[in-house]
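Colleague: Starting from the structure of chain W, add chain A where the hints point.
There are 2 protein chains.
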Amino acid sequence: MSRKKIIENKLKTAGVQTGDKIRVETKNIRREGVLMPHHDFSSDDIVTIKLDNGYNIGIKVDEDTRISLLEKHRKIVKKSRSIPFDKNKPTISFVGTGGTIACYVDYRTGAVFPATSAEELAFSVPEVFDICNVKTQVAFQMFSEDITVHHWQRLAEIVAKELNSGSKGVVIPHGTDTLGYTSAALSFMLKNLTGPVVLVGAQRSSDRPSSDAALNLLSAAVVASKSDIGEVVVVMHEGISDTSIAIHRGTKVRKFHTSRRDAFKSVNTNLLGVVENGEIKIYDKEYNKKKEGKVVVDSKMETDVGMIYTYPGLKPKDIPDKKGVVLIGTGLGHVPERVIPRLKELTEKGTVFAMTSQCIFGRINMNVYSKGRDLLKIGVIPCEDMLPETAYVKLMWALAHGKNLEEVKKLMLTNFAGEITSRTRSDVYL
Amino acid sequence: MSRKKIIENKLKTAGVQTGDKIRVETKNIRREGVLMPHHDFSSDDIVTIKLDNGYNIGIKVDEDTRISLLEKHRKIVKKSRSIPFDKNKPTISFVGTGGTIACYVDYRTGAVFPATSAEELAFSVPEVFDICNVKTQVAFQMFSEDITVHHWQRLAEIVAKELNSGSKGVVIPHGTDTLGYTSAALSFMLKNLTGPVVLVGAQRSSDRPSSDAALNLLSAAVVASKSDIGEVVVVMHEGISDTSIAIHRGTKVRKFHTSRRDAFKSVNTNLLGVVENGEIKIYDKEYNKKKEGKVVVDSKMETDVGMIYTYPGLKPKDIPDKKGVVLIGTGLGHVPERVIPRLKELTEKGTVFAMTSQCIFGRINMNVYSKGRDLLKIGVIPCEDMLPETAYVKLMWALAHGKNLEEVKKLMLTNFAGEITSRTRSDVYL
Chain W
797 MSRKKIIENK LKTAGVQTGD KIRVETKNIR REGVLMPHHD FSSDDIVTIK
847 LDNGYNIGIK VDEDTRISLL EKHRKIVKKS RSIPFDKNKP TISFVGTGGT
897 IACYVDYRTG AVFPATSAEE LAFSVPEVFD ICNVKTQVAF QMFSEDITVH
947 HWQRLAEIVA KELNSGSKGV VIPHGTDTLG YTSAALSFML KNLTGPVVLV
997 GAQRSSDRPS SDAALNLLSA AVVASKSDIG EVVVVMHEGI SDTSIAIHRG
1047 TKVRKFHTSR RDAFKSVNTN LLGVVENGEI KIYDKEYNKK KEGKVVVDSK
1097 METDVGMIYT YPGLKPKDIP DKKGVVLIGT GLGHVPERVI PRLKELTEKG
1147 TVFAMTSQCI FGRINMNVYS KGRDLLKIGV IPCEDMLPET AYVKLMWALA
1197 HGKNLEEVKK LMLTNFAGEI TSRTRSDVYL
Chain A
797 MSRKKIIENK LKTAGVQTGD KIRVETKNIR REGVLMPHHD FSSDDIVTIK
847 LDNGYNIGIK VDEDTRISLL EKHRKIVKKS RSIPFDKNKP TISFVGTGGT
897 IACYVDYRTG AVFPATSAEE LAFSVPEVFD ICNVKTQVAF QMFSEDITVH
947 HWQRLAEIVA KELNSGSKGV VIPHGTDTLG YTSAALSFML KNLTGPVVLV
997 GAQRSSDRPS SDAALNLLSA AVVASKSDIG EVVVVMHEGI SDTSIAIHRG
1047 TKVRKFHTSR RDAFKSVNTN LLGVVENGEI KIYDKEYNKK KEGKVVVDSK
1097 METDVGMIYT YPGLKPKDIP DKKGVVLIGT GLGHVPERVI PRLKELTEKG
1147 TVFAMTSQCI FGRINMNVYS KGRDLLKIGV IPCEDMLPET AYVKLMWALA
1197 HGKNLEEVKK LMLTNFAGEI TSRTRSDVYL
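Residue numbers (this note's numbering), protein chains in the order written: chain W, 797 to 1226; chain A, 797 to 1226.
In short, the hints are calculated from the structure, not lab data.
All clues stand as given, with none of them false.
Same chains, same label: a pair holds when it works inside one copy or across any pair of copies.
Using 25 angstroms as the maximum straight-line C-alpha spacing, the simulated PhoX-like pairs for lysine-lysine come out as follows:
#1 K1111 x K1096
#2 K1096 x K1113
#3 K808 x K868
#4 K1199 x K987
#5 K1111 x K1145
#6 K1199 x K1096
#7 K1199 x K1119
#8 K1113 x K1145
#9 K1111 x K1140
#10 K1140 x K1113
Isolated chain W (complex conformation) (with noise of 0.2 angstroms):
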């Protein structure tokens, strides 16, 4: 018999349906607690239960395991909650934007619903009250692939104004898809920064045994309120095991995995500390500290601006004809030579294309090759060692702020954010 097969018989035969309040026992242990739904990623032969301290465990099952139903489906009454208030502790702010982190499952479908306030998702880590005050709002509810400029804007506005009003930081649960974009965006377009603003995201929801989400969130909120960084930073797991939370720099983080906790990795340059044991430990001591004053917002951006990613069979007419383009080319900043003359005409037509690199590691340089000598001749901006999806964000605020070509490549090879390191390190790699 299949492992799931095992487990559906056993539930069946003791009359349970998740959302059940139940028993399991193995040879090895014995636990009570309601039945949660069963989770794609999770084993065959795992069942999850929900204890009554709020933790959700695994537990394997096999031919032996005893399952018995203790009572049918409890109800689970929402209270009304109210955020307690303590004026010895600092205040930050919650900005929810939605994400697999501001999820939670409803128990009787199994369907996975997104958090309908920040508050609730305050309460789903209601230690982060031990550390600071919360003021809770969203600013919108959106898987992060259908995030855009427009949404980058209006969260620069709203953490101004929170960080303007008295907030210690800013922590802004995100959605992992695109959550490099959009701390790229914000560290562009923030200026002054009074206080952190912490980009933090899950990679397993709530409902799961493995989630990520609350001590991710936890660790943001302490980055947030008892640390002294004026910068947008990411904060997620640093390795699989719960021992380190890594804080890295907006403009240098990327998801590199599609589903482990670990999946956001520092490129070309050191992590800029760890939350462990709800401590901060700074690696980088060159980080910009907060600023006096009050936070600016420069948050124009030209909207025409794509990314195109090289390959072999790549023809000039793939090559499109917006305000400006990064190229994601091969080695040091490459492009195949059949699609050079397309980028001269465009460029002369106004287009700024802007290189990075595919092997997202190391710097481009475009001046071993006779070739890359070409495409700086032409015009083509050599991004150092910027992310592509940091480029991409940089010359989307770079062409709303310079006023041709050499302005605009001025603004790109300015290091703003930390998105520019000076010198490559032989220690920051895979």
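Modeller: Just chain A, lined up with the frame of chain W:
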């Protein structure tokens, strides 16, 4: 005085030009050799000389270093050389294609030129002749970013011919920029391999003290002549030291750094093995062993295939009307919702879409969220844990071999050359 200036002054005072035989004396060492051109990648305070034994070394110059002229430029007379043959050694084939590995430097001008023959290349690492006989030919001489499907087809024909006429294995020196695309293409095009097909590159040309060209080439020859592998593999430095050279699966390898010698990494799988001190160590016992009989070429490819990297501003019109498109989506395989109707419309007109992830590591899973399920319903093919580059090459191949979407889908989701692993491993990640 700048470090560069110090060297320039010392060379000028001694009347020394590139190509002259000189002596360099520091506090610790004294070396004689031919002055090599300064390379963009070397530090400004390094002079590089070619010793009599053929090796290049870099020497740090400070104000106390003495440089003296021994002999003005010696013309490098090309001796007519013939490749040795030893009937007790296995014979392999070298097939030149260009790239950094095939470059040599004109000592007078400093310009980098491709070796004009595969013989020259073989003689650049004479140690090769200690382990095998070498048949050489040049397929083409290209910067690898200009290599297209037609070059892959030509290479497949040559490889088959060489193996079918008695060579034990084939070594293909190749530019690193698109080496992973070519190795994937040959993996799908060559059936019933009777010996190893080894692609090899260099990140640093042989005029540089830190060149990886010789050791990579020698290791490639070891794999081609001594192993019983019946797959297309890529042989490159495993780490930054010279101790271990990695053997990667041809469909699972990717260039991750613009300049490091250990730029190539296997994704979602372990190394097939390594070469250490000239000995092959196999890590993955489940590789395909070489077959009996004849190699068969099946190189029909559809050329009208593209790759689209998704980003927050992607618009429906950015999705091109081609026979096939590999989407490099976000996370588990997502695209902005606004382009989904365009994907549906093009699919109905006959375009086949295949989904991969910008994350690079991990596996596509479009069943988790409703939008993913919508994409599956349209017919978008979830490319499991395939690299985007490998999926691109495979889609070209599948479109030339399947009659309709269902057949193409079946081909895409069948593992032919190690491109799909059945289970995600937790030990193979950054």
